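Listed in order, the protein sequences are those of chains P and A.
Per our numbering, the very first residue in the first sequence carries number 1480; after that it's consecutive.
Per our numbering, the very first residue in the second sequence carries number 7; after that it's consecutive.
Everything labelled a hint here was simulated from the structure, so no lab data went into it.
Everything numeric in this text was worked out from a predicted model, so none of it was measured.
Hints should not be assumed to be uniformly reliable.
[Claimed, not checked] Below, computed lysine to aspartate or glutamate pairings styled on DMTMM-like, alpha-carbon distance capped at 25 Å:
1) 1498(P) - 208(A)
2) 154(A) - 1618(P)
3) 1498(P) - 1486(P)
4) 1551(P) - 70(A)
5) 1498(P) - 1487(P)
6) 1498(P) - 58(A)
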Amino acid sequence: MVSDLTDEHLMIAHIAGDKKAFSELVRRYGPILSGMARRQVRLPELARDIVQQTFLQVHRARNDFRVGAQLKPWVLTIATNLIREHFRRTKRRPETSYEALNAEYPSVEPMVEPVDFAGIQSRALEVQRLNDALVKLPESQRLVIELHWIQGYPFAEVAQMVGASVSAVKVRAHRGYRKLRTLIDEERAG
Amino acid sequence: MRNVPDEVVTGRLERHIYISEVSMSPNKEAAIGGKDPEFEAPYPEQIPLSEDELQTLISDVESELRQERGGFSYLRCLPSSLRVGLGLGVSALVVAVVSIWLPRTDLSEVFLARLLIILGVLGILLGASVWYGLHPLHRPPLPRGYDKLLVVVSLVSLVVLAYWPLAIPMPSKPDDWGHAVPCLFMGTLFGLPVYLVLRLLDRGGRPIAAFLAAASAALAANGALALFCDNTSIGHVLRGHASVGFLFVGTLVLWRVVVGQLLER
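With these hints in hand, go ahead and build the complete structure from the sequences.
Shown next, in the form of structure tokens:
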């Protein structure tokens, strides 16, 4: 059963020619990459295109994958580079039409006292505010926060993925988190 | 003064930020960003993908993978080191073929050191252009702007090399367009296989790769022309040799502009 294999074994099976292995990888990484792409580029169609391009690049680069390496950082680096290329090509910050993404969240009544951080996961409005704030960050800070906070990688690995020094990544993260806090507070203040 | 690890210090401002953050948190990893309890919690929600969306994605990706089979598509799937080797190999082959079958008439009399310096400069730039152009996306990105700079430096070097004969007096030869066009044609002919192979080796995803391939083709073509043509007058080399680079890159720029405008409509 391909579903019992680890990501790395699936990749090796794909390299060996197992067609089902790559579909299983798409099943596992599709949601992760879709979330990442939508948070970065906002427009669902564009995000879908980036996700497809990422899988295509994973396939094309399969012979560069080394046994013993971890697949997830490898895939996320490809996605990160494609997102950066997108912004480089369009020479602008992400599209500011937040409605496209926010429309996908269930509508809720505004909370009177949205200060309970522990319960944030269940609050669509908070998520919406957070996504709105994230998209206002500069691309470099947003990517670092995506990889550090959302994907859960330590700074050393984030630095490798974005091709910067650990100190530079920490500074970007610091500034990003600080700005994120300010933006969220401003949103909450109304 | 706290003892701050070197790797986290990039400047006075950053040092100040780091020190102020460290003083608030004992955990260095969480020092930046970890202070705020909201950002210590897991990200509140991963954007879900419905089963239908997932199935559509899987079928779309499978469809793209089917199109990848056959033709020359296997070339872009080769390991990166092999792709770079092939790119450089084809360039070297073009130069070697010209030097063996189409050598300039005065090759035995030419000042060897001068020729080697020209070929060396072109070779170094060619190596960098091919390596940059075929840089895979699963590796950390190269410094931003270096790739564009490399294209510009390659073109400028072709012009600078045209003035190189000034260092050693050479017999004056005609430098009009009539004598330059055959070299421009042959240079384009020498550069085309290099450009085509590099495009086939490219995995896509980086638009600048096409310009680096064009620059590489121009460099290889100029290397071949240095062995093919015995006319070293500045006007001729500028019109007939260096112009190959501007022809390759200029055509690509024009193509992108025209196609870009058509797509926008």
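Which hints, by number, does the structure contradict? none
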